[in-house]
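> Now for the letters of each chain:
Number of protein chains: 2
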Amino acid sequence: MLDRIKIVKPAEIEKNSMATIEKELNGRTWPEPQFSVIKRCIHTSADFDYADNLCFSEDVCKKAQEAIKRGASIVTDTNMAAAGINKKRLAQYGGKVYCFMADEDVAKEAKEKGCTRAAICMERGAALPGEVIFAIGNAPTALIRLYELMEEGKISPALIVGAPVGFVNVVESKELIMEADVPYIVPKGRKGGSNIAATICNALLYTMPE
Amino acid sequence: MLDRIKIVKPAEIEKNSMATIEKELNGRTWPEPQFSVIKRCIHTSADFDYADNLCFSEDVCKKAQEAIKRGASIVTDTNMAAAGINKKRLAQYGGKVYCFMADEDVAKEAKEKGCTRAAICMERGAALPGEVIFAIGNAPTALIRLYELMEEGKISPALIVGAPVGFVNVVESKELIMEADVPYIVPKGRKGGSNIAATICNALLYTMPE
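Sequences listed follow chains A and B, in order.
Per the working numbering, residue 1 is the first one in the first sequence, and the count goes up by one each step.
Per the working numbering, residue 1 is the first one in the second sequence, and the count goes up by one each step.
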């Protein structure tokens with residue numbers, strides 16, 4: 001039974017995966033580090049739709065990596081994305097990962113205001129000192145609140161990774177962010193998720209000098 | 001700009017999403033709780049491939065839910081899946097979620113043996129007392145090690161959620177599990193991920209009486 005399994009050394013697994021992805025992209029390439037972002041999204045989902053749906057604002061990767069070098073933190077709307085982002089790597093530049101979703105006072109405030117916890121979490125993120133990257137992998141309401149906070153002049157994110165997933169206001173909230181004056185990386189359409197939000201952050205980190 | 005956003009109460013978001021998924025499945029249905037597992041995988045990925053790729057062994061949901069009622073724990077190969085599984089809900093029945101991936105001695109042992117950390121983590125899981133559900137969202141090597149441990153008569157999992165994602169041994173490792181004598185839920189092919197592994201566990205939990 002086990003003879004169908006290819007023997008691959010642990011260190012080779014990712015390399016071989018990336019080679020397969022490049023082969024199946026049939027020669028399509030993008031400038032780095034954009035190409036790495038696209039390949040990592042495919043790697044984490046086995047879904048080649050990400051070759052077509054990922055949208056990048058002008059010079060976004062360079063701008064985001066410069067912010068990370070200056071110590072930018074990352075605020076996310078899901079504990080799964082927070083678990084997936086390489087926190088050690090981010091800490092090398094001084095940044096931390098924050099997710100306020102499980103905080104009790106967030107749940108309380110959301111209930112009082114009749115909005116989602118994710119929206120309240122964005123307000124918590126807006127109050128952080130220093131530069132902030134918002135990595136959204138679940139809630140369209142997080143993107144909508146970020147848009148409102150930008151309109152009110154209360155935040156100026158270093159980057160918005162706009163990757164909520166699903167069927168209610170997901171497409172629309174991503175369009176809002178792509179029309180705003182903010183550096184963004186967005187998989188347009190319904191797809192995304194906490195795994196995609198985390199992998200986009202990691203792709204940026206892994207293409208920076210250590 | 002914001003007028004394109006539909007006003008939906010937080011509690012209604014998931015309900016509306018599920019209604020959209022059911023509509024786009026064009027009347028296709030499955031017996032419960034299998035249908036809930038399929039819908040939740042689509043909900044978490046916006047990828048309707050899960051309507052076709054999910055494979056269930058005979059009576060697997062019933063068997064798994066009975067094991068959970070008896071206090072089964074869940075062992076996973078990724079911290080992201082561990083973050084995503086509803087631990088409070090599992091704890092109501094006495095179970096815990098374990099992920100050994102970040103343990104220092106796991107990294108050390110994997111290096112010494114020239115295998116992946118995930119394979120070592122499965123051995124840690126095999127040593128737990130009581131019934132165990134293995135929820136694999138990343139590493140084919142975890143599934144391969146589980147297969148070997150079953151062949152050696154060392155484990156008898158209550159359920160294997162076999163949802164590694166990717167391009168190296170993913171398809172083959174899933175086939176191994178589906179040919180073994182074990183209750184399984186497997187998205188056949190390349191797709192899966194820690195979000196899928198977590199959502200399958202949650203779908204089982206959410207269709208049980210509290």
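Among the hints, a few may not be true.
Any copy, or any two copies together, can satisfy a pair, since identical chains are not distinguished.
[What the hints assert, rightly or not] Each computed EDC-like pair below joins lysine to aspartate or glutamate, with the alpha-carbon atoms no more than 16 Å apart:
(1) K88 with D103
(2) K108 with E123
(3) K113 with E32
(4) K96 with E24
(5) K87 with D105
(6) K111 with E148
(7) K9 with E109
(8) K96 with D49
(9) K63 with E32
(10) K63 with E104
(11) K9 with E112
(12) K111 with E12
(13) K88 with E104
(14) K113 with E123
(15) K111 with D181
(16) K9 with E210
Since the hints were made in silico from the structure, they are not lab data.
> Between the shortest in-copy and the shortest cross-copy C-alpha distance, which are at most 16 Å for K87 and D105: within, between, both, or neither?
neither (25 Å within a copy, 20 Å between copies)
> Using 16 Å as the alpha-carbon threshold, which applies to K108 and E123: within, between, both, or neither?
Within. Shortest intra-copy distance 14 Å satisfies the 16 Å Cα cut-off; inter-copy 41 Å does not.
> For K113 vs E123, is the C-alpha pair at or below 16 Å within one copy, between two copies, both, or neither?
within (13 Å within a copy, 47 Å between copies)
> Within, between, both or neither: how does the pair K9, E112 come out at a Cα-Cα threshold of 16 Å?
Between copies, since 13 Å is at most 16 Å while 53 Å is not.
> One pair to classify: K111 and D181, alpha carbons no more than 16 Å apart. Within, between, both, or neither?
neither (31 Å within a copy, 47 Å between copies)
> Check K96 against E24 for me: Cα-Cα at most 16 Å, and say if that holds within a copy, between copies, both or neither.
Answer is neither: 36 Å inside a copy and 40 Å across each miss the 16 Å cutoff.
> Tell me, please, which holds for K63 and E32 at an alpha-carbon limit of 16 Å: within, between, both or neither?
within (13 Å within a copy, 48 Å between copies)
> First find the shortest C-alpha distance between K96 and D49 inside one copy, then the shortest across copies, and answer within, between, both or neither for a cut-off of 16 Å.
Classified as neither: same-chain Cα gap 30 Å, cross-chain 36 Å, threshold 16 Å.
> Classify it for me, K111 with E148: is the Cα-Cα distance of at most 16 Å met within a copy, between copies, both or neither?
neither (19 Å within a copy, 49 Å between copies)
> If the cutoff is 16 Å on CA atoms, where do K63 and E104 land: within, between, both or neither? Let me know, please.
neither (34 Å within a copy, 35 Å between copies)
> When no copy is specified for K9 and E210, does a C-alpha distance of 16 Å or less occur within a copy, between copies, both, or neither?
For K9 and E210, the Cα distance exceeds 16 Å both inside one copy (24 Å) and across copies (44 Å).
> If the cut is 16 Å between Cα atoms, do K9 and E109 qualify within a copy, between copies, both or neither?
between (49 Å within a copy, 15 Å between copies)
When the structure is compared with the earlier hints, violations turn up for hints 3, 4, 5, 6, 8, 10, 15, 16 and for no others.
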